[in-house]
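Novice: Chains as they are written, first to last, in our numbering: chain H, 1 to 349; chain X, 1 to 176.
It is worth saying that the hints were derived from the structure and are not from the lab.
Treat the numbers as computed from the prediction; the structure is a model and nothing was measured.
Among the clues, some could well be false.
Among chain X residues calculated to face chain H with C-beta under 8 Å, some are [unchecked claim]:
id, residue
1, Glu50
2, Phe68
3, Thr69
4, Leu74
Glycine included, each C-beta is placed from N, C-alpha and C at the ideal position.
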Amino acid sequence: MTILQFFLWSLLKIIVVVVVFLLGVAYTVLLERKLVGRIQNRWGPSRVGPFGLLQPLVDGAKSFLKEDIIPSAVNRPLYLFAPVIALGCALISIGVVPFGSTAVNGPGGFHFFEIADINIGLLVILGITSIGVYGIALAGWASNNKYSLLGSLRASAQLVSYELALGLSLVGVVLRAGSLNLREIVENQSKHGILSWNLFGGFQFVAFFIYLMAAYAETNRSPFDLPEAESELAAGYHTEYSSMKFAMFFMAEYGNMINVGCVATLLFLGGWTSPFGNLIPLPQSFILQALLPIFWFTLKVFSFLFLYVWVRGTLPRFRYDQLMNFGWCYLMPLAILNIVATSLWLAYK
Amino acid sequence: MHLILFALFAALCLAGAVNLLFQTHPINSALSLIVVMTSLAVLYLLLGAEFLAAAQVIVYAGAIMVLFTFVVMLLNAGREERTLGSRAYWAVGFPAVAVLLAILATVVLHIQGLGSAAFGDSLSNQPGQTNLEQLSQVLFTNLLLPFEVTSVLILVAILGAVALARHTEPERTVGK
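The following block holds chain X by itself, in its conformation from the complex (with noise of 0.2 Å):
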């Protein structure tokens, strides 16, 4: 059942991803977009991070691809000039991608094997634990540092799009 799963929704993944790929109009590259994101979701489920699923669909799918289709929409963005490329592109790119998905392959079977995925090893299997209760036990205890520095680097890019965005003359304030 797990596996019918997964081969379904891995497979609704790639096909997203590569029709993300061969949009012209940037509307329907973001759906494709959002199509992996929930993809991506149902795999996380799959391997028993309920919490990581739905966190993945609410701030990707649900937020930030929100943000991507009204910026579309606003700026109503005329489809992409399709271009075929150079010779040496097809030439490189395809033997250099084909070598990469073969050292990527070879590494993680050398890992792992082929067989299904635990789930980390720093979140312990208690039966009685919820997904969330391990997860934020591991993040505010083992991972407290690396979490609050990441709030502090959010905070510095919020400030950065803020003084970019400011306006630069004193008297021309906005709403009041």
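Excised from the complex, chain H in its bound form (with noise of 0.2 Å):
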């Protein structure tokens, strides 16, 4: 293969990643007002489409159509270039995720369900997790807001705290796979189906709760939605954002919950692989045995954003002192000790 098809199989890969992950953001966000509505017990999105399907749609036409309201008193190249970091650091995660098997290789190990095979690739994405950071916090500076500042500085001082315990719990994980590459970890836990995977068969479920505490503190999401917490701060850090730089922080929030999904994934539930194993055989087919894998992706993610919103709807906001408190003197040193358990049973076995 040469640098020129390399090149254009991977200007192609990345436009259809980056368009298949847009529209399951805007989904996203509608399956968020439908299922809080159904929890709220009125229907949700309705009106537009078959059941309201058509609705993200005219969400983004009426964002982009919206005035665009930039107030006088902002440092202006921050306030510009803030959602640009947000939405940016949202759009590369998803660059290092494999999401279909590795069996279907095309000519000279291309990888055709994948954008890049990184040998540290969970580290990529803490990585960007953590440029992402800068993103809110300068929105909110940049504002020339209180509310827009405060709610920056909660957004920092929580995803720094979070930020270790997220870290830290996925080390049992790659522990075991002995790995930081994404598709030799799923590998790892590819052998009998549901039972390999490292939440049953790896005793990792410790970690996965870790994981799914600090990932909603990383996604300011409910129970931690406390930067964006609109009874004390109007809406936290995007308050002077209007129109499509609004769309932008939006879109990055729904796009870091994909994110976050997907690692959940592949770290805890053994990424594309089928969670019954060789009970149902491989099925003859190219085709389908390209397209079943990702299948089974999708299926995981979409049961962890479930969650997500499920949480979402059922559970009220920490206060500030009891998210600092859960992070650092439960969450933490729970951690700590997940990686010392479980290395002791990898050097007993």
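Assemble the dimeric complex from its two separately framed chains, guided by the hints.
Specialist: Here is the structure:
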């Protein structure tokens, strides 16, 4: 495969993945509105298209057409740059996520179902997540508004605190796989279907719980959505943003939800592998062999998103000191204990 | 390809460093420092040290600089007062910097010559091994003592910070 072919194939993959990802973001918003509606005993959006399915498109058009108001006292360059960082970081993470079977390869070991196969894939995702903080922090600071500033201060403190627990919770999985390559981590759990997933067979359910909590805090989602707590901070860091810039923050939030779901799927739920293992024989058709793993992957990410929305519809918001206490005094020691226990078990084995 | 990327990111790194010095607002300086850190990470990547690059981004750009910007925002630090400096600084400083750079450049060129750098002698460059495995092998065998002693150093620093920040009066406990 020549360089030009490689470049063109990669470009094609990037375009397809980004389009699917953004569609996923749009329909996650609809999923949330529908589900929260049903939890609160109402219908949710149901007027535009069948079952309200065209609602995301109309929402997008609305954000485009709204008046874009930039307050006069903002720090203009940073105010304009902040949503770009937020959305950019949300979009980059998906580039290292393998979402389909590795058995189906193109010429020269070319991977169809992953943009880049990097042997430190997990670290890349963590790094990009940690850069994503700046989007929120700068948005709040550049807006020159005290609600925004308080929101962004809360967000930075919360993200830095929970990143620790998040990173530590993943160490157990990395120890078991002996690699930071997402592909190898998935293949490590592919032997006996659901029994060899890290969540069940790997005894990483404590790590999964910590990851879940930390991920809710990292994406500023309920019950840890203090940076945008509307009862005390108006809308937090994006109070002064309108039109498409607000939509970019919105998309970044839901994009991060999907990313977190992808990472959880890869690390704890066996990635693209079937939960039934070898009980169901592999289909003969080449196309089915390629599509079935993608189906399982999507299903797992979907159930993770479903859980996200369910939690949002059920739990009230924490107080800020409770949030910090929980992160530092419970999650982090628990994560360290999990690492010690996993290492001891691996050494014993 | 490597040379082009190196030139691009080395230039970005230097531009960030110069911008860091010339900006008057602390936030802009902090952001320039982030640019420097991330371009350094790319340079590590070009040297084949991908784990180091990721650690650079996560630790420096992602954690330490977030705390920097956090403090700048929290204190709402204003613009810096700019002074031209005394004439003696200009007279002594620039020649001193030039001499230092010349010495460094001579030493580096003498040892290594113009060419691409190898990633250290301690790491065996076996094809099947990843960077991470090599690095951890060196860290936990040859360099075990310095590595563990460094963690004690960090612990001491943490304890010092806690001791400095602790309230002296026992009745003013927070969070009760």
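Novice: Give a verdict on every hint.
Specialist: Structure-based check of all given hints:
no., hint, result
1, Glu50, "holds (5 Å)"
2, Phe68, "violated (11 Å)"
3, Thr69, "holds (6 Å)"
4, Leu74, "holds (6 Å)"
Violation of the numbered hints given earlier is confined to hint 2; every other hint is satisfied by the structure.
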